[in-house]
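Asks: The task is simple: from the sequences and hints, build the whole structure.
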Amino acid sequence: MGADFVILSLTPLLIGTLAAIACALPGNFLILRRQALIGDAISHVVLPGIVVAFLITGTTSTWPMMLGAAGAAIVAVILIEAIKRLGRIEPGAAMGVAFTALFAFGVLLLEQSDTSNVHLDVEHALYGNLESLIWFGADGWGSLLDRQALAELPPELGRMAAVTAVIAILTLVFWRPLKISTFDEGFAGTIGIPTAAIGFGLVVTAAVAAVAAFDAVGSIIVIAMFICPPAAARLMTNRLEAQIWWSLFFAILSAVLGFVLAGYGPLWLGGEDAVSAAGMIATVSGVILGLACLYAPHRTRIGAPATPD
Amino acid sequence: MSAAAIELATDHGETVETAIGADVPLAVQGLTVSYGDKPVVFSVDATFPAGSMTAIIGPNGAGKSSLLKAVLGIVPKLSGSVTVFGKPFETARRRIAYVPQRASVDWDFPTRVIDVVMMGLYRDLGLLRLVRPRHRERALDSLDRVGMADFADRQIGQLSGGQQQRVFLARALTQGADLFLLDEPFAGVDAATEKAIITVLKALKEDNRTVVCVHHDLATVTDYFDRVMLINVRKFAEGPVASAFSAETLQATYGGRLAATHIDQLDLVSA
Numbered sequence: 001m002g003a004d005f006v007i008l009s010l011t012p013l014l015i016g017t018l019a020a021i022a023c024a025l026p027g028n029f030l031i032l033r034r035q036a037l038i039g040d041a042i043s044h045v046v047l048p049g050i051v052v053a054f055l056i057t058g059t060t061s062t063w064p065m066m067l068g069a070a071g072a073a074i075v076a077v078i079l080i081e082a083i084k085r086l087g088r089i090e091p092g093a094a095m096g097v098a099f100t101a102l103f104a105f106g107v108l109l110l111e112q113s114d115t116s117n118v119h120l121d122v123e124h125a126l127y128g129n130l131e132s133l134i135w136f137g138a139d140g141w142g143s144l145l146d147r148q149a150l151a152e153l154p155p156e157l158g159r160m161a162a163v164t165a166v167i168a169i170l171t172l173v174f175w176r177p178l179k180i181s182t183f184d185e186g187f188a189g190t191i192g193i194p195t196a197a198i199g200f201g202l203v204v205t206a207a208v209a210a211v212a213a214f215d216a217v218g219s220i221i222v223i224a225m226f227i228c229p230p231a232a233a234r235l236m237t238n239r240l241e242a243q244i245w246w247s248l249f250f251a252i253l254s255a256v257l258g259f260v261l262a263g264y265g266p267l268w269l270g271g272e273d274a275v276s277a278a279g280m281i282a283t284v285s286g287v288i289l290g291l292a293c294l295y296a297p298h299r300t301r302i303g304a305p306a307t308p309d
Numbered sequence: 001m002s003a004a005a006i007e008l009a010t011d012h013g014e015t016v017e018t019a020i021g022a023d024v025p026l027a028v029q030g031l032t033v034s035y036g037d038k039p040v041v042f043s044v045d046a047t048f049p050a051g052s053m054t055a056i057i058g059p060n061g062a063g064k065s066s067l068l069k070a071v072l073g074i075v076p077k078l079s080g081s082v083t084v085f086g087k088p089f090e091t092a093r094r095r096i097a098y099v100p101q102r103a104s105v106d107w108d109f110p111t112r113v114i115d116v117v118m119m120g121l122y123r124d125l126g127l128l129r130l131v132r133p134r135h136r137e138r139a140l141d142s143l144d145r146v147g148m149a150d151f152a153d154r155q156i157g158q159l160s161g162g163q164q165q166r167v168f169l170a171r172a173l174t175q176g177a178d179l180f181l182l183d184e185p186f187a188g189v190d191a192a193t194e195k196a197i198i199t200v201l202k203a204l205k206e207d208n209r210t211v212v213c214v215h216h217d218l219a220t221v222t223d224y225f226d227r228v229m230l231i232n233v234r235k236f237a238e239g240p241v242a243s244a245f246s247a248e249t250l251q252a253t254y255g256g257r258l259a260a261t262h263i264d265q266l267d268l269v270s271a
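The listed protein sequences derive, respectively, from chains Y and P. Letter by letter, the first sequence follows residues 1 to 309 in the working numbering. Letter by letter, the second sequence follows residues 1 to 271 in the working numbering.
It is possible that part of the hints are untrue.
To be verified - Some chain P residues well away from chain Y (every beta-carbon gap over 10 Å; in silico): (1) 24; (2) 29; (3) 140.
To be verified - Computed from the model, here is a short list of chain Y residues facing chain P with C-beta under 7 Å: (4) 173; (5) 183; (6) 184; (7) 186; (8) 187; (9) 189; (10) 190; (11) 192; (12) 240; (13) 243; (14) 301; (15) 302; (16) 304; (17) 307.
Simulated from the structure, these hints should not be mistaken for laboratory data. Every residue, glycine too, gets a C-beta built ideally from N, C-alpha and C.
Replies: Right under this line is the structure:
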């Protein structure tokens, strides 16, 4: 593996891996809180927000995108409440209706607007542009030490690395309150843990991960990475600490294996073109979950579920 | 807040704050809790003296758990005040330990017995302080007091219901509190667990700590507790078991729902 790998594959691999980690970390807690759908929901809502932010500002830089996504999330919450009350529909269905409707609206908006000069189109929204995140300034492994070449790294890499680092640090710092309030929210409140703020912070963190990852890798990976690696990890162990490590391992494995299979798999099978890396990464994560369901050591529930009183 | 809820609050009026000394572990005044428009606890006053063991009893849906949760700030109060050792609840957290209903959590959660008990040390450990051997010893000591020391490294889902209840009690013991609030600690547990729990609670009482239990088994009230509080949305009786736990107060609290024959079987001190 030489210069070609560094130029063509190194940055997409790194960005895919970082995106997978950023989503899998909060995904562990979302799954244990029975809120796994929130990751799905967020990644859908993000689209119209990003499109509107682009139409207003004309750029795809980070802050307008974040604000647009946040605005869309607020609209989504209001919409869900309205559907629930006016249509007298159960909350789960109201959520499903609101998110798919907003995503569809985002797609329509995207088709109607002129986004030809930026990386923003329907395909990009679904499976990102991982393969196009090429390091033009590189000419081999030596470029990793070359200041000038490093300056030409795709900006998505720095952004994704920063977001992933922040999420990792937040998970470490708030580990105890997160774990306690996820296990026993009532008790957590009595010992002074601000449970509502912790729950809200977790959703916001997931949203930030979704927006950052969406930009580089599209919504398919985001949805898959929130759920598949943590769900597979839960089946590997009965300790939360170990579950987190397993989920990181599965996220990285999905990203690397998926990227390699997308690039070379079709050639090995005698095909001509590579397939979408994002699609393949998500598929690999699904296959890992499937294998875990069949062969992992802790597949059966052992404790009684919580019963609301 | 809905119109009916506001009406409920104004109807009841402002609570008159009376001075409560630091020697009173728990006092509630005019406590009202409502879900939607329906009050589940209405204008309850009660005082729990130091070193007492009180059973809160009443029919299903009488607001027993809601009363406890409102005291702890888990569900919002519509009106009323809660005073813990002469201070508002928020500033006296350290002195309170809460044992929730066992069924309120998912026991498939990926964690071990010792980790759950260590949760009781959160106020000492905070976000990032390292777990020292003395912390672990404190948790193991609590487990030992409920007879669960051998189970420290088990996954919590592998425990029986009674063992899970004892783990919850051990977590509360680790908190080193002076006031213990327990929600149905004897519900659905085996005889060994019931004995282990009551032994621990009586030891706490001997140590001048205060125990308040939501309790459902009328037959054990006289054996286990020295004080009783009967509620069915409103408070019907409160005081020493000998005087407050009578056929009359039970009949009033439970209405027609408690058969007279059932009351006859109880070991009551006739008024």
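Asks: Next, verify each hint and record whether it holds.
Replies: Consistency of the hints with the structure:
Separation of residue 24 of chain P from chain Y is adequate, the least Cβ-Cβ distance of about 19 Å exceeding the 10 Å criterion. With a least beta-carbon separation of about 20 Å from chain Y, residue 29 of chain P lies farther than 10 Å from that chain, consistent with its non-interface assignment. With a closest Cβ-Cβ approach of about 18 Å to chain Y, residue 140 of chain P is found to remain outside the 10 Å limit, as its non-interface label requires. The criterion of a C-beta within 7 Å of any C-beta in chain P is met by residue 173 of chain Y, whose closest approach is roughly 6 Å, and the hint holds.
The restraint placing residue 183 of chain Y at the interface with chain P holds, with a minimum CB-CB distance near 5 Å, inside the 7 Å limit. Given hint, residue 184 of chain Y at the interface with chain P, holds; its Cβ is 5 Å from that chain's nearest Cβ, closer than 7 Å. Because the smallest distance between the Cβ of residue 186 of chain Y and any Cβ of chain P comes to about 5 Å, under 7 Å, the interface hint for this residue holds. Annotation: interface hint on residue 187 of chain Y holds; nearest CB of chain P at approximately 6 Å, less than 7 Å.
Satisfaction of the interface hint for residue 189 of chain Y is found here, the shortest Cβ-Cβ separation to chain P being roughly 5 Å, below the 7 Å cut-off. The interface hint given for residue 190 of chain Y is met, as the beta carbon of that residue sits about 4 Å from the closest beta carbon of chain P, less than 7 Å. Proximity of residue 192 of chain Y to chain P holds as hinted, the smallest CB-CB distance being about 5 Å (cut-off 7 Å). For residue 240 of chain Y, the suggested interface contact is upheld, since its CB lies about 5 Å from the closest CB of chain P, less than 7 Å.
Against a cut-off of 7 Å between C-beta atoms, the interface hint on residue 243 of chain Y holds, since the closest Cβ of chain P lies about 5 Å away. Taking 7 Å as the C-beta cut-off, the interface hint given for residue 301 of chain Y holds, the closest approach to chain P being about 5 Å. Below 7 Å, beta-carbon pairs count as interface contacts, and residue 302 of chain Y has one with chain P at about 3 Å; its hint therefore holds. Evaluation of the residue 304 of chain Y hint against chain P yields a held restraint, the C-beta minimum of about 5 Å falling below 7 Å.
The beta carbon of residue 307 of chain Y is positioned within 7 Å of a beta carbon in chain P (closest approach about 5 Å), and the interface hint is therefore held.
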